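Novice: Turn these sequences into a full structure, and let the hints guide you.
Residue numbers (my numbering): 1 to 298.
No lab work stands behind these hints: they were computed from the structure. Since the structure is predicted, the reported quantities are computational estimates derived from the model, not experimental observations. Treat the hints loosely; a few may be bogus.
Here are the simulated distance ranges between beta carbons [to be verified]:
hint	residue 1	residue 2	range
1	285	167	36 to 44 Å
2	194	294	25 to 33 Å
3	100	158	24 to 32 Å
4	88	61	21 to 29 Å
5	167	147	23 to 31 Å
6	248	298	30 to 38 Å
7	81	266	50 to 58 Å
8	93	245	42 to 50 Å
Straight-line Cα separation of at most 27 Å, DSS-like style, residue types lysine-lysine; simulated pairs [said to hold, decoys possible]:
hint	residue 1	residue 2
9	59	73
10	204	239
11	239	283
12	147	97
13	298	283
14	147	198
Backbone N, C-alpha and C fix where the C-beta goes; we use that ideal spot for every residue, glycine too.
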Amino acid sequence: MRRPAVLLACAVALSAAAPKEQPVGLVLNPGGAQLVRAGNELAMAAKTGEMLFSGDRVKSAGAAAAFLFCPEKVSVSLDANSEALLEAQQIKVRAGKLGARNPVPSCFLPQTARFSVASQQHYGVTMVRGSRPEEESKDTFEDRLKKLPADQHAALRKELDPLGQELHDRAGRAGILEKYGLRVDALKEYRAIAGEWKDAVWIKGKIFELEEAIAAAAPQEKPGEAKGRTLALLVGISKYQKLPNDQWLQYAHADAEVLHKHLASPRGGALPAADLFLLTNEKATTAAIRNTVETLLK
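Specialist: The following block contains the structure:
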């Protein structure tokens with residue numbers, strides 16, 4: 001007997017609910033530095049591969065930190081015990097000093113959401129899917145290139161040529177491929193980067209978005225071809241009893257509700273109400289989650 005597919009999603013920071021912005025940089029080597037997002041005084045540990053936005057501050061500790069700054073197309077070293085404010089077109093040193101600035105051939109970063117501190121710290125998504133959407137494509141990268149208009153093909157090649165094989169180059173390559181509609185190829189790049197930058201939340205969001213877009217564009221199964229059963233538990237907690245109000249999450253409960261609606265829609269699989277479970281905020285108690293999981297497994 002075929003076991004039902006179970007989908008569990010702790011939708012605490014899916015990027016769909018947050019507006020996208022253009023990053024100005026990316027953390028290359030945190031060196032123990034802290035990151036303070038614009039408009040939020042709560043510092044968090046900087047992570048390799050993390051996006052930096054205008055208004056963000058990087059505060060190094062006992063070791064130097066390094067990051068990309070795309071408006072100037074440079075990689076920048078921040079000396080130990082220093083602080084830098086990243087603005088739209090320049091870096092302002094608030095304490096200590098900057099070290100070397102090394103030019104980079106290209107510095108394209110895809111637009112993504114500037115997550116709140118709490119959302120980054122609690123992000124988690126686990127989904128049981130079938131085969132990967134990019135594995136179902138029969139076309140090669142060259143086949144997909146040939147389908148582009150000649151001017152777009154030439155422009156794409158021009159943007160890709162300067163890129164090397166560093167991870168930040170691959171992030172740029174993924175963003176460029178996505179910009180030109182080559183979603184399958186962009187998804188492959190994002191997956192490869194995610195294996196190295198395990199703490200980069202924005203990449204997980206990109207993978208989720210592209211998987212959904214590719215699945216939506218693929219031919220739908222005929223009703224008679226559907227196999228197995230999908231059960232979904234959506235948990236989104238924005239408000240916590242033991243945390244002050246200013247540390248509550250912004251998007252968790254909304255993300256869970258959005259994903260719940262999506263799974264109930266034809267595009268999301270048209271799951272029946274009996275197979276969908278939504279728990280948000282005060283309803284998402286430990287007992288309620290445990291009881292629902294036991295119900296799913298039965």
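Novice: All hints, please: hold or fail.
Specialist: Quick rundown of the hints versus the structure:
no., hint, verdict
1, 285 <-> 167: 36 to 44 Å, "40 Å, holds"
2, 194 <-> 294: 25 to 33 Å, "31 Å, holds"
3, 100 <-> 158: 24 to 32 Å, "29 Å, holds"
4, 88 <-> 61: 21 to 29 Å, "26 Å, holds"
5, 167 <-> 147: 23 to 31 Å, "28 Å, holds"
6, 248 <-> 298: 30 to 38 Å, "34 Å, holds"
7, 81 <-> 266: 50 to 58 Å, "56 Å, holds"
8, 93 <-> 245: 42 to 50 Å, "34 Å, violated"
9, 59 <-> 73, "21 Å, holds"
10, 204 <-> 239, "23 Å, holds"
11, 239 <-> 283, "11 Å, holds"
12, 147 <-> 97, "49 Å, violated"
13, 298 <-> 283, "21 Å, holds"
14, 147 <-> 198, "34 Å, violated"
In summary, the structure is inconsistent with hints 8, 12 and 14 from the numbered list given earlier, while agreeing with the others.
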